[in-house]
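Student: Residues per chain are reported as follows:
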Amino acid sequence: MASLVSARGVTKRFGSFTAVDNVSFEIEAGKILGLIGPNGAGKTTLLKAMLGLTDCEGELSVMGLDPFRQRKQLMQNICFIADVAVLPRWIKVSQLLDYVEAIHPNFSRKRVEELLRQTKIKSGSKVKELSKGMVTQLHLSIIMSINAKLLVLDEPTLGLDIIFRKEFYANLLNDYFDEERTILVTTHQVEEIENLLTDVMFINDGRILLNSPMDALAERYMEIAASGEKADRARGLGPIAEGQMFGKSVMLFEGISREHLEGLGEIRTPSVADIFVAKVKGARK
Amino acid sequence: MINHQLALVKREIWEHRSIYMTPAVIASIVTLGVLAMLAFASGFAAELDVAIFGAQNLAGEPERKAVLTGFFLGTSWVFLVALMILTVFYSLDSLYAERKDKSILFWRSLPITDAETVISKLLTAIFVLPIATVAGIIVTHLINLIVLSVWVSMKGGDGGMLVWGSVALLDNWLAAFIIVVASGIWMSPFIGWFLLVSAYTKRSPLLMAFMPLIVIGLLEGIVLRSHVFAENVLGRGDGIPLFRKANIEQFFEDEQWRIGENATSLLTHIDVVQFVTTPATWAGIVVCGLLCTGAIYVRRFRDES
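Protein sequences, first through last, are from chains V and X. Take the first sequence: its position 162, counted from the start at 1, is 633 in the working numbering, and no numbers get skipped. Take the second sequence: its position 16, counted from the start at 1, is 31 in the working numbering, and no numbers get skipped.
None of these hints come from the bench; they were simulated from the model. Everything numeric in this text was worked out from a predicted model, so none of it was measured. Please note: incorrect hints may appear among the correct ones.
Straight-line C-alpha distance at most 20 angstroms; calculated EDC-like pairs for lysine to aspartate or glutamate [said to hold, decoys possible]:
{"id": "1", "chain 1": "V", "residue 1": "LYS599", "chain 2": "V", "residue 2": "ASP569"}
{"id": "2", "chain 1": "V", "residue 1": "LYS752", "chain 2": "V", "residue 2": "ASP492"}
{"id": "3", "chain 1": "X", "residue 1": "LYS117", "chain 2": "V", "residue 2": "ASP492"}
{"id": "4", "chain 1": "V", "residue 1": "LYS597", "chain 2": "X", "residue 2": "GLU27"}
{"id": "5", "chain 1": "X", "residue 1": "LYS25", "chain 2": "V", "residue 2": "GLU730"}
{"id": "6", "chain 1": "V", "residue 1": "LYS701", "chain 2": "V", "residue 2": "GLU730"}
Here are a few chain X residues that face chain V, going by a calculated C-beta distance under 8 angstroms [unchecked claim]:
{"id": "7", "residue": "ILE17"}
{"id": "8", "residue": "ARG26"}
{"id": "9", "residue": "LYS117"}
{"id": "10", "residue": "LEU120"}
{"id": "11", "residue": "SER124"}
{"id": "12", "residue": "THR128"}
{"id": "13", "residue": "SER241"}
By construction, the Cβ of each residue, glycine as well, lies at the ideal position given by its N, Cα and C atoms.
Put together the whole structure using the sequences plus the hints.
Tutor: This is the structure we're talking about:
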């Protein structure tokens, strides 16, 4: 399948600090990729480079375009939500729709009005009069009314309550996503979205720690809970992380086949969050 | 491109309601002032009522024209001072507010270049603000001329002839339009500078815009004992080559504008060819272009995270 995003040796430095360090990856069309990393890992910088908001070293191509130099063309086929607070507070909903309609060639006014009818948002309201959740609904409605190939969401549900967060992702999946579209999402609440993702990428200290389809994770990573002599034998297989729970040692393995672990304890598929923590801690050692 | 500019300029008007609210407020204040003045004058004896505008035998033709032209220029002057202040605050806010409230990330998520955005703000400062101002002037004049003519008619005078017949409305409105647009172009290096500061500064755009200008002027005076910067940059507003008289102050001191052949027409004092052919006009446009390029560069390359 054709790559929508192609990065080769992408690096971004701020003075002596390297925010993104020689990163290479491909994103194929029709995927939902989760970009997971701790604060300061470089994920927002990487997104900004992909969105043409910041320049970088290396080769970066998004839909065949140089994001920084061809940002205007790129933005016709990319949508992004950088943060829930970015819609201008002074603007009226109707003005916002008028503006996007005048500017964006792929925006459907009919579609956004249909979506907004399902909410409590009034077209005469100003953004500052809306609750945080409604602002996100408004932003998402606009985004979902743009026929874009790539949707980039940077912490889109930050500060929202659990009901809005669930609704946000449900709307995204039900009303937006199809095999023609690609979604790239970063979030701290990885457990909320791990069931939506087709692929996952971990980033830490500007480097990619893991880049894998979700279904391959279950084959590559396994967790067992063992005790006593079995735990010692499991430890001998080189777990990438180990913790204690209910008197048992819980060990996480990478690239060890199921046959090797069978008989040593209860085998489970670890959560993305557990794999992420293990990889980040491993990288820091 | 033109559709984008229209949408962008419309957005500026939505965001900066002061663009149309300021002229509207001034128009209301002037009208209320005139109404109050007429109500006050009506309280006096009948002969005073008619003396102001009403009777040709008490006030001669040139004097009446001079009073009305004075009213025109006086009210226009209030609008022009407001326009100057508005332009400074608008330009300084235009690229600063969007960074302060982080809405820049939303604006930049749409297929619009930074150059288009900065140009829309420049066009708003140089053309939209003046057009709103001239509209305010025209509406104020019309309302007040109607009020005055009704008042004169009520006092037994011929309102149509005595008020409307005394002023060259279209001439003066066209003159007002040329003056505000030419002033915007003439002062465009300052607008470019304000846009650059607005794109660059992290705080206090007003201070950051004026402090360097004042410091450079003072330093030049103290260290070099010269006033080239002060005269040519800070004093640029005095030297607009738009009037037949070289100096605007001299122009207003000149009695000719008030009583005489051209008493009611400001247009006859304006020389657009002189304005367009003066090298300093074009030098200002070039400087403005360079400063706006700087503003585009800063908006494009600055990392707002």
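Student: Compare the structure with each hint and give your call.
Tutor: Taking the hints in turn, this is what the structure says about them:
1. LYS599/V <-> ASP569/V: Since the Cα atoms of LYS599/V and ASP569/V sit roughly 18 angstroms apart, the hinted pair holds (cutoff 20 angstroms).
2. LYS752/V <-> ASP492/V: holds (18 angstroms)
3. LYS117/X <-> ASP492/V: violated (27 angstroms)
4. LYS597/V <-> GLU27/X: Given that 20 angstroms is the threshold and the Cα spacing comes to 16 angstroms, the pair holds.
5. LYS25/X <-> GLU730/V: Violated, at about 67 angstroms.
6. LYS701/V <-> GLU730/V: holds (14 angstroms)
7. ILE17: violated (11 angstroms)
8. ARG26: holds (6 angstroms)
9. LYS117: holds (5 angstroms)
10. LEU120: Since chain V brings a Cβ to about 4 angstroms from LEU120/X, closer than 8 angstroms, the hint holds.
11. SER124: holds (5 angstroms)
12. THR128: holds (5 angstroms)
13. SER241: violated (39 angstroms)
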